[in-house]
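Chains as they are written, first to last, in this note's numbering: chain A, 1 to 474; chain B, 1 to 295.
Certain hints may be false.
Unchecked claim - Below, computed lysine to aspartate or glutamate pairings styled on EDC-like, alpha-carbon distance capped at 16 Å:
id, chain 1, residue 1, chain 2, residue 2
1, A, Lys-448, A, Glu-461
2, A, Lys-206, A, Glu-221
3, A, Lys-315, A, Glu-360
4, B, Lys-90, A, Glu-461
5, A, Lys-260, A, Asp-229
6, A, Lys-109, A, Asp-184
7, A, Lys-373, A, Asp-392
8, B, Lys-88, A, Glu-461
9, A, Lys-155, A, Glu-469
10, A, Lys-159, A, Glu-147
11, A, Lys-462, B, Glu-86
12, B, Lys-129, A, Glu-266
13, B, Lys-238, A, Glu-53
14, A, Lys-462, B, Glu-201
15, B, Lys-88, A, Glu-466
16, A, Lys-448, A, Glu-466
17, A, Lys-121, A, Glu-166
18, A, Lys-405, A, Asp-207
19, A, Lys-156, A, Glu-469
20, A, Lys-448, A, Glu-469
21, A, Lys-156, A, Glu-461
What the hints assert, rightly or not - With the Cβ distance kept under 7 Å, some of the chain B side facing chain A (calculated, not the full set):
id, residue
22, Ala-208
23, Pro-212
24, Val-219
25, Ser-227
26, Ala-228
27, Gly-230
28, Trp-235
29, Phe-247
30, Ile-248
31, Ala-250
32, Ala-251
33, Ala-255
34, Thr-258
To be verified - With the Cβ distance kept under 10 Å, some of the chain B side facing chain A (calculated, not the full set):
id, residue
35, Glu-201
36, Trp-209
37, Val-216
38, Pro-237
39, Leu-243
40, Ala-276
In short, the hints are calculated from the structure, not lab data.
Backbone N, C-alpha and C define an ideal beta-carbon position, used for all residues, glycine too.
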Amino acid sequence: MQEKVNEVAVTRSERVWYQTVGSKVWYFFNSLTLTIFVLMTLAGSSIFGTVIEQNQQASQYFAAYGEKWTRVILYTGLNDMYHSWWFAALLGVLTMNIIVCTFERFPPKWKGLLANKSPEKFEPRIIDKCSYHQTLNCPGDVKEVRERVLAAFKKKRFKVSSSSREGGHYFYARKGVIGRFGSDVVHISLLLILLGAMVGSYYGYKDFRIVYVGTNMTVPETDFEVRLDKFWIDYYDTGQIRQYNSLLTVIEGEEEVLTKQIWVNEPLFYKGIRFYQSSFGNAWDRINSANMVLVSKKTRMAEGSEFTVGWNEVKQIPGSRYSIRLAGYTADFAYDERNNTVFSQTAEANNPAISVEVYEGERLVSTPWLFLKYPGIFPAIPDSEYDLVFTDYRGILYSGISLNKDPGTNIVWLGTGVMGLGFILAFFVFHRRVWVYVRENGGSTEVKLGGLTNKNNFVLEKDIKEIVENINAG
Amino acid sequence: MILSLVFFSFSFAFYILTALLYLGNWVFQKKWLGQLATSMAVVALFSTTMILIMRAGESGHAPFSNLYESMVLFVWATNLGYLMMEYKYKFKTAGAFVMSFEFLAMLSATMLPYRYKSVEPLNPALQNKWHWMVDLFSRFGLEKYAIGWLDFHVFTTFIGYAAFAISFGLAIMFLLKNRYETRGRNNALIGSLPEARMIDELSYRAIAWGFPFLAVGIVTGAIWANSAWGAYWTWDPKETWSLITWFIYAAYLHARVTRGWRGRKAAYLSIAGFLAVIFLYWGVSFVLPGLHAYA
Ligand code: HEM
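One chain only, chain B, in its complex shape (with noise of 0.2 Å):
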């Protein structure tokens, strides 16, 4: 019996019904439908956290070597970082976008060919490990869970990844919400969202989070590149598109800083930053030729 996928199977189940609760939350605006959803999500997590760790166990490298594990590491990034959001901001309506969005993610998972899912032992150019931490594991025979520079660096990109999907889901829920409010129109779904002004902020503090840590992915990778290629940088296609991706964020600071770009065109901004980020996780590896083998 293969543990990750016992995990798997429920975490699918969990995330649909998490899905359903911030849903029915939303709709129904009940107390105990919010803190359910809220507990829901947290199980959720717990299980995602299961999946991962019991793959590190099952190859014996961390669990972030082909699409399958990235997308469970991209679910599992996307919802802490959307609970730590829902604890210091105390607001829900976000939930029921972004579980969705989780739900879909599983789907997608499960949808994979097999030859991105199998557990594949690591190539050479994938392996290095922090020899400290293998040497502090292996006394107590946990060696195989010790990771190494490119585990860091896939897994500081995945949280860059996630804060900006949860800033596109507000970016959305910002056009929606602001459509509503300057025609004056009224829908009491809508209205339940918070002000467009704050969604506005949150969108924008999600990218102050993703921002850095993709900036710290591509550093790492950087590091990583320069033992394993011979250089830190060498405009692989996919440096390059990380690159870009940092780009269009960078801007969308800028404008929004110095240029008091906020509210529409920042989500517009927001969107454009998400669809790169998409064709950085998912286009590279397909359209492009290179030597990233996924992430």
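Looking at chain A on its own, in the form it has when it is part of the complex (with noise of 0.2 Å):
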């Protein structure tokens, strides 16, 4: 460390002003105080948008925290926080933090823990520096020990190097080195996520879509239609919903390509787009079929009996001269009176009307609208002993479906796989080195070995007072 910082000292002069500029970012990004910083700034900020909720109207943060406030959380973006800028900013100081440490240190550790191998390069006493070590007395001479232990470090599974110098032995035996490489995986696995993330939000969408039976959805950026030819509803015993199912057929020109039943939590995935069902509701302009009865206006009486009829159906009123046609529906009533218009105030079925054509013999008489809650309140048929009410319908269901594009998933699972592996190898798999010296010692032999580890003394312990054992033990 000392030497790098004299090594900047010394060309600090013969620099051009962008590279001091750039050599004061790189070691900016070179800190690890900074990996900590930036992971308990996440952390501590995350939790305001579990606190606030996100995207919501402004009226309601200013209900809810009143004008002041509302001003602050709007400023600063915290209706969206996880879009908002200094958000992407702190996931990018994360990035270069992760790119820049792993370029300072991979190299050097890559290179200092596959260069360490020969057992000629150290002297007897390192071993009593180490954080284990311990001296026995073997019975037997030189060469017997020598065998026995290794033979001791191969039961193990550490693979051992020797040398023989000056009358004594050295060794040098080692495990689980990949494990050292495992935090490494787990940065990398890190990068591919945002990686992942990053190409999901630049390059894929989402959608949704309100599709009734036998009708067809357009799909963005792609060649294919889908239809959509069943929506239906599961129940349990109890009545509760259990489960809402769509049945999609996919149709690439003329072709029906593949058919598929989908119900939440089993979407359509086709030519990287996949469909949930997501939703579902009655719609509001347009019903199945309409029951209607002929009174007299006189006496309110029914004459004949009720009838139904379908949707732009014609339909001859049994037993009278008129025949007619169920042209329109809205579920809640309204009229535009600026431009004549009917509409549906709300999606709810709150005041459910229905328009007709009424016709005498080939002849159109009227176009009213009936009320399902308000019969009679306009006249149907002018200049007619009749009048006609509307009494019962038939809604049709809607299927609310998501589209959603996301090409940047794959990249995401990669990632998620790549960050298990390193998982493993970072949590689960320890560098373990020991370093035994032999020699013999006035009749007996003396061995002595030390170890080290990265983590997890336990293990190192364990394997050391078993290989002792197994020396001993011959």
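Reassemble the complex: the two chains are provided individually, in unrelated frames, and hints are given to aid placement.
Listed below in structure tokens is the structure:
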């Protein structure tokens, strides 16, 4: 570290300003204090987004927090904080931090770990500096003990290299060096996940469609359409809803390519796009059929029985000279006086009304609106002794389908897989190194061993204990 | 007769006994007490397993669908984790802490209001079992024991919680012990705890288990959300809190590996992490709005 500082000092004067800035930025990102700071800041700031409800209308914040704080919330983007510039910036700092630290640390680590193999290089005294060390006196001559030491390490699956000089034998045994790279694998996997999230937000989209049975929905950026064949609801015996289902058919050109039943949790996936069952409801602008009855204007008594007319169907009213066509429906009738149009105030069936065309023979005699809740409020057929009453209807369900294209998803899954591998390496493969020195010591043989591990001293101690037992047992 | 309730009552008694035995072992330092305590913990584990199995049989889905069931799962995972640790590292004083904690968790599960306990059919968003598993199990008439991503998600998350709970218990033990060690005081009870350095290491090891399991929990949650809500990440409060918790433990790991934060500072971070876990588990469900039912 000290050398590095000197190096920087020496070269500083020869640097152009942007090199100086560049190296300052580099050293800013090459900091683990920064890492801890960023992680804690991400954790701390994320709390805001879970307390302040996200993506609400400004008026709702106003009601909950008052004017001053609403302004603060909107100004800082706390109403959609996970997509705000400063949250993105924090993730950016995290990314740079990972990249720079990996660049700085990985190559020396790699070299250091691979190079440090030779048993020629160590002095017996480094053994005493190890966190775990021990000296044994074994009966038997050096040669024999040497073999026992080798066998004991082999049995615990250590890799051993050895050399002999000046009457002593030196061993360097190690195991699990790959575990040292676990943290790098985890960091790379994080970069992959962030990359996948970015790809998804740039090249993907989300959309929502309301689809009626028998109709097609178009799909953006593709050459196919999807038709809803059927929508239905399954119930438990108790009457609780069990599942919403839609039967979808993919149509390419004229051809039906595939049909699949989807339900909540079971989307259709076709050419990179997912189709989810996300809601359902009653149509507000159409129905399946309506029931009506002809009544006498004078007595308000039914003339003949109730009859059913299908959507868009023309029907002769039984026992009369009129026929009728069911031409329109609106769930919550409202009238716009400015341009004389009828519209549905809400999607709920608060004031269901149908529009019909009444024919006498071939002649169109009237086009009234009939109201389920207000029968007879306007006469349906002028200049006639009869009136029409709207008594009932069968609605149409629509299926609400979400479309989602996210080409980054697979990168994210790849990242999570890599992360799993990294965790196994980082947390469950321990790098253990043991140095051993064996020499003749007045008739018996002295064995000194000392070990180091990057983590989990227990495992190392246990290993050494077993190895010592094996050496002693011969 | 609802068998899961019978097993629950038994387990409750077993946890009281187990906790008492571990406490007795700690106070009196008798070998036979220790052995008895461990056997009792195994019996309690078996009994807790049976609650979960019976519950699955009664409801027809994996027993992780409400707060009560998740508490039982939490108790189960903590017990299993503790026993594994005891087996590996051979020290029993932590049992007194962990099992008392288990007893408290069981107690709070019994005190939950009924609506958090009843066996409910699953709402549409919670159903998806792995087809291959349903097919395989239905050959033996066991299809109701098949599981899906959601169950796997809850399961791994709770293993994580359990590991964090153990680490939390050890962090408290550490602080106790460390206080006595640094002040050079002596006390028979505290004296029989392992060295502070060792407790600290174990607390770290527990996090080294919890951290990847929580990660797997988050990822399987994302896989499930991807098919249920249409996106793998929606910043739902529960998701966000799991990430917050995960970041706190990530900070713990980095501080430990690279800045040498061991001992006291590490213990405080572990405690902070576990407070986040508690909020993630209980707080989010009761305090914050969101899509997650409970877990
Ligand atoms: C912000 C940028 C980050 C930097 C610069 C960074 C840097 C480091 C460094 C230098 C190590 C020690 C390496 C070693 O001992 O071999 C490490 C370990 C690790 N990092 Fe990071 N890290 C970052 C973010 C993260 C994040 C966000 C996570 C996951 C949430 C993570 C997960 C890990 C894990 C699991 C380890 C291994 C810890 C252990 O061995 O106990 N890192 N990191």
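Here is what the structure says about each hint:
Distance hint between Lys-448 of chain A and Glu-461 of chain A is fulfilled; the C-alpha atoms sit about 15 Å from each other, no more than 16 Å. The suggested pairing of Lys-206 of chain A with Glu-221 of chain A holds, with an alpha-carbon distance near 12 Å, which does not exceed 16 Å. A distance of roughly 12 Å separates the Cα atoms of Lys-315 of chain A and Glu-360 of chain A; the hinted pair therefore holds under the 16 Å criterion. Between Lys-90 of chain B and Glu-461 of chain A the alpha-carbon distance is near 14 Å, which keeps this suggested pair within the 16 Å criterion.
For the hint linking Lys-260 of chain A to Asp-229 of chain A, the alpha-carbon distance of about 10 Å falls within 16 Å, and the restraint holds. With a C-alpha separation of about 11 Å, the suggested pairing of Lys-109 of chain A with Asp-184 of chain A holds against the 16 Å cut-off. With a C-alpha separation of about 10 Å, the suggested pair Lys-373 of chain A and Asp-392 of chain A falls inside the 16 Å cut-off, and the hint holds. Between Lys-88 of chain B and Glu-461 of chain A, the direct Cα distance comes to roughly 13 Å. Compliance with the 16 Å bound is thereby established for this hinted pair.
At roughly 12 Å between alpha-carbon atoms, Lys-155 of chain A and Glu-469 of chain A fall within 16 Å of each other, so this suggested pair holds. Among the hinted pairs, Lys-159 of chain A with Glu-147 of chain A is consistent with the structure: their alpha-carbon atoms are about 15 Å apart, no more than 16 Å. Of the supplied pair hints, the one linking Lys-462 of chain A and Glu-86 of chain B holds, its CA atoms being roughly 15 Å apart against a limit of 16 Å. This hinted pair checks out: Lys-129 of chain B and Glu-266 of chain A have alpha carbons roughly 10 Å apart, not beyond 16 Å.
Proposed proximity of Lys-238 of chain B and Glu-53 of chain A is supported: the alpha carbons are some 13 Å apart, at most 16 Å. Between Lys-462 of chain A and Glu-201 of chain B the CA atoms are separated by roughly 15 Å; this keeps the pair inside 16 Å, and the hint holds. A threshold of 16 Å between alpha carbons decides the hint, and for Lys-88 of chain B with Glu-466 of chain A the separation of about 15 Å falls inside it, so the pair holds. With a C-alpha separation of about 15 Å, the suggested pairing of Lys-448 of chain A with Glu-466 of chain A holds against the 16 Å cut-off.
In summary, the hint linking Lys-121 of chain A to Glu-166 of chain A is supported, as the alpha carbons are separated by about 13 Å, within the 16 Å threshold. Distance restraint check for Lys-405 of chain A and Asp-207 of chain A: the Cα-Cα separation of roughly 9 Å lies within the 16 Å cut-off, and the hinted pair is therefore satisfied. Proximity of Lys-156 of chain A to Glu-469 of chain A is assessed by CA-CA distance (about 12 Å); at most 16 Å being required, the pair is judged to hold. A distance of roughly 14 Å separates the Cα atoms of Lys-448 of chain A and Glu-469 of chain A; the hinted pair therefore holds under the 16 Å criterion.
Restraint check: the Cα-Cα separation between Lys-156 of chain A and Glu-461 of chain A comes to about 13 Å, which is no more than 16 Å; the hinted pair holds. The interface hint given for Ala-208 of chain B holds, since its Cβ lies 4 Å from the closest Cβ of chain A, which is under the 7 Å cut-off. Given hint, Pro-212 of chain B at the interface with chain A, holds; its Cβ is 4 Å from that chain's nearest Cβ, closer than 7 Å. Residue-level restraint check for Val-219 of chain B holds (minimum Cβ-Cβ distance to chain A is 5 Å; threshold 7 Å).
The closest approach between the C-beta of Ser-227 of chain B and any C-beta of chain A is roughly 5 Å, which is under the 7 Å cut-off, so the hint is satisfied. Because the smallest distance between the Cβ of Ala-228 of chain B and any Cβ of chain A comes to about 5 Å, under 7 Å, the interface hint for this residue holds. Evaluation of the Gly-230 of chain B hint against chain A yields a held restraint, the C-beta minimum of about 5 Å falling below 7 Å. For the restraint placing Trp-235 of chain B at the interface with chain A, the shortest Cβ-Cβ distance is roughly 5 Å, inside the 7 Å limit, so the hint holds.
Evaluation of the Phe-247 of chain B hint against chain A yields a held restraint, the C-beta minimum of about 4 Å falling below 7 Å. The beta carbon of Ile-248 of chain B comes within 5 Å of a beta carbon in chain A, closer than 7 Å, and the hint placing it at the interface holds. Given the 7 Å rule on beta carbons, the hint for Ala-250 of chain B holds: about 5 Å separates it from the nearest Cβ of chain A. For Ala-251 of chain B, the interface hint holds, the least distance from its beta-carbon to any beta-carbon of chain A being 4 Å, beneath 7 Å.
With its C-beta approaching chain A no nearer than about 6 Å, Ala-255 of chain B sits inside the 7 Å limit, and its interface hint holds. With a least beta-carbon distance of about 4 Å to chain A, the hint placing Thr-258 of chain B at the interface is held under the 7 Å criterion. Among the interface hints, the one on Glu-201 of chain B holds; its C-beta lies about 6 Å from the nearest C-beta in chain A, closer than the 10 Å criterion. Checking Trp-209 of chain B against chain A: minimum C-beta separation of about 7 Å stays under 10 Å; hint holds.
Interface hint at Val-216 of chain B: satisfied, since its Cβ lies 7 Å from the closest Cβ of chain A, which is below the 10 Å cut-off. Because the closest C-beta pair between Pro-237 of chain B and chain A is about 4 Å apart, less than 10 Å, the hint holds. For Leu-243 of chain B, the shortest C-beta to C-beta distance to chain A is roughly 6 Å, which falls under 10 Å, so the interface hint holds. Given hint, Ala-276 of chain B at the interface with chain A, holds; its Cβ is 8 Å from that chain's nearest Cβ, closer than 10 Å.
The structure fails none of the hints (numbered hints given earlier).
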